[in-house]
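Asker: So you can see what is in the structure, the chains are spelled out below.
2 protein chains.
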Amino acid sequence: MAIVEVFTDEYFMREALKEAQKALAIGEVPVGAVVVANNRIIARAHNQTEKLTDATAHAEMLAVTAAANFLGSKYLTECTLYVTLEPCVMCAGALHWVQLSKLVFGASDVQRGYGLIKSPILHSKTEIVRGVKEEESRTLINTFFKSIRD
Amino acid sequence: MAIVEVFTDEYFMREALKEAQKALAIGEVPVGAVVVANNRIIARAHNQTEKLTDATAHAEMLAVTAAANFLGSKYLTECTLYVTLEPCVMCAGALHWVQLSKLVFGASDVQRGYGLIKSPILHSKTEIVRGVKEEESRTLINTFFKSIRD
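Read top to bottom, the protein sequences are chains A and B.
By my numbering, the letter at position 76 of the first sequence is numbered 68, and the numbering carries on one by one without gaps.
By my numbering, the letter at position 67 of the second sequence is numbered 59, and the numbering carries on one by one without gaps.
Rather than coming from a laboratory, the hints here were simulated on the basis of the structure.
Because the structure is a prediction, the values reported are computed rather than measured.
Among the hints, erroneous ones may be present.
As the list makes no split between identical chains, a pair holds if one copy fits it or if it spans any two.
Unchecked claim - Derived SDA-like pairs: lysine to any residue, alpha-carbon spacing no greater than 25 angstroms straight-line: (1) 94 x 58; (2) 117 x 131; (3) 110 x 136; (4) 66 x 139; (5) 117 x 29; (6) 110 x 128; (7) 43 x 69; (8) 117 x 104; (9) 66 x 40.
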């Protein structure tokens, strides 16, 4: 019997995509995130800026705060954040403060992504993986903005 | 009788300093903030990263979320944020999202301030005033870090 590698980046990004779907279903910009420690999802969140009337209620901010709460630690040094869209500057700044171990994101954000900033924002120890389930992540976003325009 | 200008930047920064004092009293890095709309303080907050076990619980983040909640609006386009220390990248990113009208800060943060970043982070319409009650703001921070070292 072949050994099946279950806990891949794709696996956890699918979970983040489920969160993004929840956002889409309630009319939010569909971005989802999960925080994983030791192959266990310790926090899930989706964008809730409209629901909470709070422009800072991005999926990453909510997920990071929930993960820190779960762990009882300010730092996520043993954690991976999976998020369907490249984090913005605010969220990347938050990921710096929590000293995130690894960041995995789906689609790039060419308008608001932290990668547009010329200086490094993430913590120097944070490993970065880009483009996991990129197409699905981008399709969700495009679906949302098309629905707004129509 | 002379007309006394009460609602100056110095006046509101004194209120932010009172918040910073509250942080100092409970062992937090002493940074305080208030949000003002139409000369009225609509939100007050101080750094609570230790108390909330949340590295993102900076005074500005808490104040901005509280102000948005008070106004029932995601945007703080008619608001001024007074904060005793120059915002970090995360907080400056948040101030961008809320489209803050005016930012007034006390001491510069030469280690973590958003001004260290080469790209603009704040919203293009945000007016910026630096150095209001700078010495008092810096003294508070220095007092805190000296107490930690001793």
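Asker: How would you label the pair residue 66, residue 40 (within, between, both, or neither) given a Cα cut-off of 25 angstroms?
Answerer: both (22 angstroms within a copy, 11 angstroms between copies)
Asker: Can you give me the call for residue 117 and residue 104, within, between, both or neither, at a CA distance of at most 25 angstroms?
Answerer: For residue 117 and residue 104, the Cα distance is within 25 angstroms both inside one copy (23 angstroms) and across copies (17 angstroms).
Asker: Are the CA atoms of residue 43 and residue 69 at most 25 angstroms apart within a copy, between copies, both, or neither?
Answerer: Answer is between; shortest inter-copy Cα gap is 19 angstroms, intra-copy 30 angstroms.
Asker: At 25 angstroms max between alpha carbons, let me know whether residue 117 reaches residue 29 within a copy, between copies, both or neither.
Answerer: within (16 angstroms within a copy, 40 angstroms between copies)
Asker: How would you label the pair residue 110, residue 136 (within, between, both, or neither) given a Cα cut-off of 25 angstroms?
Answerer: Neither, since 29 angstroms and 32 angstroms both go past 25 angstroms.
Asker: Tell me, please, which holds for residue 110 and residue 128 at an alpha-carbon limit of 25 angstroms: within, between, both or neither?
Answerer: neither (28 angstroms within a copy, 33 angstroms between copies)
Asker: At most 25 angstroms between C-alpha atoms: does residue 117 with residue 131 qualify within a copy, between copies, both, or neither?
Answerer: Classified as neither; 31 angstroms inside a copy, 32 angstroms across copies.
Asker: How do residue 66 and residue 139 come out at 25 angstroms by Cα distance, when the copy is not named: within, between, both, or neither?
Answerer: between (38 angstroms within a copy, 21 angstroms between copies)
Asker: Which holds for residue 94 with residue 58 at a C-alpha limit of 25 angstroms: within a copy, between copies, both or neither?
Answerer: Only inside one copy: residue 94 and residue 58 sit 17 angstroms apart there, 31 angstroms across copies, limit 25 angstroms.
When the structure is compared with the earlier hints, violations turn up for hints 2, 3, 6 and for no others.
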